[in-house]
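Undergrad: In case you want the letters, here they are:
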Amino acid sequence: MLKLDKLSKSFGGILATDNVSLELKPNSINAVIGPNGAGKTTLFNLITGKISLDKGQIFIGNKNITNLTESEITHLGVARAFQITNIFPTLSVKDSIKVALLAKQHGLNNMWNRFKTHSINNEAESIAKLSGLTKSYDTISSELSHGDQKLLDIALALALKPKVLLLDEPTAGMGPEERWKMIDRIQKLWKKTKMTVLFIEHDMDIVFDTAQNIYVLQQGSIIAEGTPKEIKNNKKVIEAYLGGGKK
Amino acid sequence: MLFLNKDNFQRDVFLGLLAWLILIIFYFIFPDPGIHDIIQKVFILGLFAMSLNILIGYLGLIAFGHAAFFASGAYTLGLFLQSDFVLNLASFSIPVAMLLAVLVSSILAALIGVICIRLKDIYFSFLTLAFQMLIYSIILALVNITGGDQGLMGGFPKPPFLGIDLGKPFDFYAFTIFISIITIVLLRQIIESPFGYGLRMIRDNSERPAALGFSNQKHKLIAFIIAGSIAGLAGSLQALLDVGAYPEWAFWSKSAEPLFMILLGGMHSFLGPLMGALIFEILNDFVTANTRYYGLVLGLVILCFVLGLKKGLLDWILIKFNRK
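Residue numbers (the working numbering), protein chains in the order written: chain B, 1 to 247; chain C, 1 to 324.
Hints were generated in silico from the structure; no laboratory data involved. Each hint can be trusted.
Mimicking BS3-like on lysine-lysine, the simulated pairs with C-alpha atoms at most 25 Å apart in a straight line are:
1. C:120 / B:50
2. C:218 / B:116
3. B:191 / B:104
4. B:104 / C:218
5. B:50 / C:218
Only a predicted model underlies this, so the values are computations on that prediction, with no experimental measurement involved.
In isolation and in its complexed conformation, chain C is listed as follows:
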């Protein structure tokens, strides 16, 4: 198939839709709800991890407060669906709520990013962490709005739109994966565009671009905003899945999860973090079913990857495959 050899946007859209169709067929071949649940979560968390990898893998900035945007997306969606607007908008409320979640997360990312990107290395990491904990504290403090440490209480309605009823398991499964895949295809376009190579350039050598007449700061800020928006989208999907939002989603340990996924799957291959999310979720499911010592097992697995493969699984596979 000559068409598939061309690395362009059309091919990615085709492959994305193909993957979606295969996963839809998969749904009917394996009717176990447990498996469906894992696949949905892999895409939601994979989206979260891939958004973080824009910063880590392509820009070389270790952001440690990425969950702030995940949480802002989740809370924005939840709070909007709890408000009276839902009644007015009726069937459009979920799409509007998701757009708002992305918008609010991107504005938050712009505000936090404009300050953080001035710093490098560990200072950047710690400042992003500090902002995240600020968001966490705000969520806990505004008990009247956010429900404080209980999380968003009382749930929210999920009115059907365009014939999609997210209350039904199949609709939710197909919708979540569809949105995730579209986002991944768009993200790939950005990563493979001149803009994406600008990110790699800054990662490789942050001094030289100025001597090429290029300003790093604007580029870094745009990347930070894109990463924050996609994390917000992932958060909004998670909120739809759980019909709620919880302050733990803004806690620092939530920022460590996508980091683990990136380490497990690989930061140098585009789909590495998604594969990391798959490993993470399977481990989560398998290990928690058999032992209480989940953290210990996860730690050992990460050690094996870091010391054994010295890279994420997909990175390792791709290098192995290319050498043959």
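For reference, chain B alone in the conformation it holds in the complex:
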């Protein structure tokens, strides 16, 4: 579904992404792990076109999306949620989702309808339901709990009906109990929508429990990939990341 072919990117002499290749199967759920500064978020930024590549190619299905703009790539079916919640503080949950839905459909140029009574309301409601935001549907985004803000960030991505969903640390800043709730929600989403999911996560228990495939990044390159079982027993990984308790 998503194929990266030898991606490289450097910032002022530091190689942030070093010859990264991977291929995600359709309808799979996959994780990227790695220590801080390993280049996980950079990888997401490259895939979504937020920053430009130095080398390599990116494909969605058979479509080459290398060097397309962020907006074009979004329209081709790649959506992301952000590590630092990236929402619209003064809009309600409902209005935020509607805005996202309309953005995708080029509906925000419309000046002749009323936004409040727009026919997109039903669709917005079903996305809120899917994201578990029905209770806070009319709440202003800045007044949501941290967890719900994270969910809203994901809901905005879901509104785009993506083929590939990238989640950058969906459980960042949450307590253990909240984390599991979040990951439960993501698993349900994934099963219902049949998207291809790639997520970044620090909690190893969550990663081993959730992902079908794990990619381990270190200093910009993939040092290991495989099923949770394979990764658990990989010497390189134990040395670099799991072992020693080093950060």
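On the provided structure of chain B, position chain C as indicated by the hints.
TA: For chain C alone, coordinates are given in the frame of chain B:
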């Protein structure tokens, strides 16, 4: 009245016409020309301030050169009515002149906007200010056409059209308020449309829309053009009122006036800037009649609003009212 509970275009048109009728009745109940003058000015300046608030309140861009469009509207109308076309068009000259004023202002806004909207924050503000001062300098330099620092000299004719004679105080009063209210109703439609929510989205978070497959720049430019056109319309009404146009209308201090009105009335309620214009005009009238220190009093009042209410009056009232 069930009809009034629906927030739609038809209701706004109804409320707008109702407000117009009430103000017409008001004209006859209070025959003092001084009051009529204040109300006319409140609508003209209110239109100017509301147009600026599209950028400040809804898009989050502090434009500091908005008077450029006010002045371009005023000068376009004045120069057109001074030209020979008026004789040819006769009774249609005022409507045509107003349309031209809006058109020229929107073209100017497109030209200035396409450059300015690439910038953010203070850089955007200063670039709009720079363009405004450029317009000001052009007006001063083209003495043969604009009259330079004297303003448009010699006045211009105001031929009656459709039975409306803007030379008569009542006709002018009713016409100005009618045009203003129609524009306000249309503006509300735009602000409450998906387009208007696109503006709020950009204001709230200018990074995220790209990740939703949305391009900010086009949206910002259209908003800038709409704001410029309405400011041009306000300028053309002001020119009709004063039968002239003056270079001070393109000076930076003229751009500060709608900013004061927005601060006084509130930037988060649709009619806030209009209320700000009302406070501004009443203060202007009352204070200048009693003291020379107008600027000092205005400054103190704004301080009270900013430090006391921490928001514009209408914003404050609406929040207070909703909590009860």
